[in-house]
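Numbering (mature numbering (1 follows the signal peptide of the UniProt record, and there is no 0)) for the sequence shown: -23 to -1, 1 to 362.
Calculated directly from the structure, the hints in this document are not laboratory data.
Just so it is clear, the structure is predicted and the values come from calculations on it, not from any experiment.
Just so you know, not all the hints are guaranteed correct.
Straight-line C-alpha distance at most 25 angstroms; calculated PhoX-like pairs for lysine-lysine [to be verified]:
no.	residue 1	residue 2
1	188	147
2	124	259
3	124	239
4	269	147
5	30	293
6	116	269
7	124	188
8	293	109
9	124	30
10	269	259
Pair by pair, the computed Cβ-Cβ distance ranges are [stated by the list, open to error]:
no.	residue 1	residue 2	range
11	18	155	28 to 34 angstroms
12	22	112	49 to 55 angstroms
13	317	348	45 to 51 angstroms
Positions of the beta carbon are idealized from the N, C-alpha and C atoms, including for glycine.
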Amino acid sequence: MDSLRFSILLLLPLLILCLQIKANEEESNGSILFIDGPDNHFLRTHSSHALPKTSSMSLSDVGAAISVLLGFNPPASLSADSSSKLNEVLSPNPFNRPRAVLMLEVGGTQEDQQLVMDHVSNAQVGSAIRSKVLFESTKAEIHLPGKDEVSVISLDEYLGLECDAVCIDKELQNLASWFGGSYVSDAQYPLNGELTVTLASGTSLNLHMSKETDREFIVTVVSLIRNIRRATEMHVDSSRSINSPAELMIGSFSGLKALREKHGLDGFSEQKMELLVTTLTKLFHSLQEAYKGQIVGVLLLNEKPDVELGSKLNVKITSQPSIRLLGEVNNSTDITKIAEVLLVRRTLAWITGIILLLSTLMGIYFLLNMPLTRDTLLYSNVKLD
């Protein structure tokens, strides 16, 4: 018995150490940023000027937070612990919801989480709240109502599928002018020029399209810009209608993850990360103007290299047929009831018409055969001498 106790005491510290290592691995799954505009209060305000941190959230909590930001109820299965986590992030006013969310997952940020946080906090995009994210073994869902109440726009369309080399060259020129830089193209060989951009830190970033690493990265950046601008145009068109639906723009950016997987540290640089963050900042500012401040950005930073982007968060739309549509279907299929209703209406119309006709004839008869007395003459408005 003593030897058994001694063995347990020896194994207990090892077990605690293993649990701590497991917990540290879970805590390093990723981070999430909720970004609000400078003039809005869709997120909970904090007195500290530093980037506030909240309790660790699961992907299910993130999906529930997005549903609430869009103006819908969270899933009924939401636990009390998850509700308290949402309460740390979202504004307590249930009537103050943006009804528009930009959800973007960025992979390949294993060692640059703090760099992204520093750029976001210094970019003056508004208020932001940071939280750790624990990835789950199963796919989490964003529960949304029918398609008439919400519009889901994908941001995963790749530029190379609909744009040739000449078209991409033109997009790179637009990107250079947007950043105040320059793009020197090659007249003989399209997509072989050099892009020069001056970053906010003062450093200059040169990207050569002849290099595979630079070309793949910048094409993914241009694809993201093009998709968000297309979503903005769709918002302008839908906002002209009387009942505009809530809008969820969801997608993933795989440029950094692809660089790390294919080329390692040779294709990755801090300047490229800064260019991406600057691009996201400028895009969020443009979305704030287009949506008149009624939008919140959600940035999910995925640290795990073995997790496929976009594979852990799914949008689930529940169709809810309208009552008016059900009434029309029931009435149109029951022919017997329709015939009964028409018969009753026609019978009442004929009876009412006959009564009015008889009343009119009787009134005319009694008026013509009325005796000429003093009272009847006064009733007929005859002036008597």
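Consistency of the hints with the structure:
1. 188 x 147: 18 angstroms, holds
2. 124 x 259: 30 angstroms, violated
3. 124 x 239: 39 angstroms, violated
4. 269 x 147: Violated, at roughly 29 angstroms.
5. 30 x 293: 29 angstroms, violated
6. 116 x 269: Violated, because 33 angstroms separates the two Cα atoms, which is more than 25 angstroms.
7. 124 x 188: Violated - the C-alpha atoms of residue 188 and residue 124 are around 43 angstroms apart, more than 25 angstroms.
8. 293 x 109: 24 angstroms, holds
9. 124 x 30: Given that 25 angstroms is the threshold and the Cα spacing comes to 34 angstroms, the pair is violated.
10. 269 x 259: 15 angstroms, holds
11. 18 x 155: 28 to 34 angstroms: Holds: the Cβ-Cβ distance is about 30 angstroms, inside 28 to 34 angstroms.
12. 22 x 112: 49 to 55 angstroms: Once the Cβ atoms are compared, 29 angstroms apart, the range 49 to 55 angstroms for residue 112 and residue 22 is violated.
13. 317 x 348: 45 to 51 angstroms: 50 angstroms, holds
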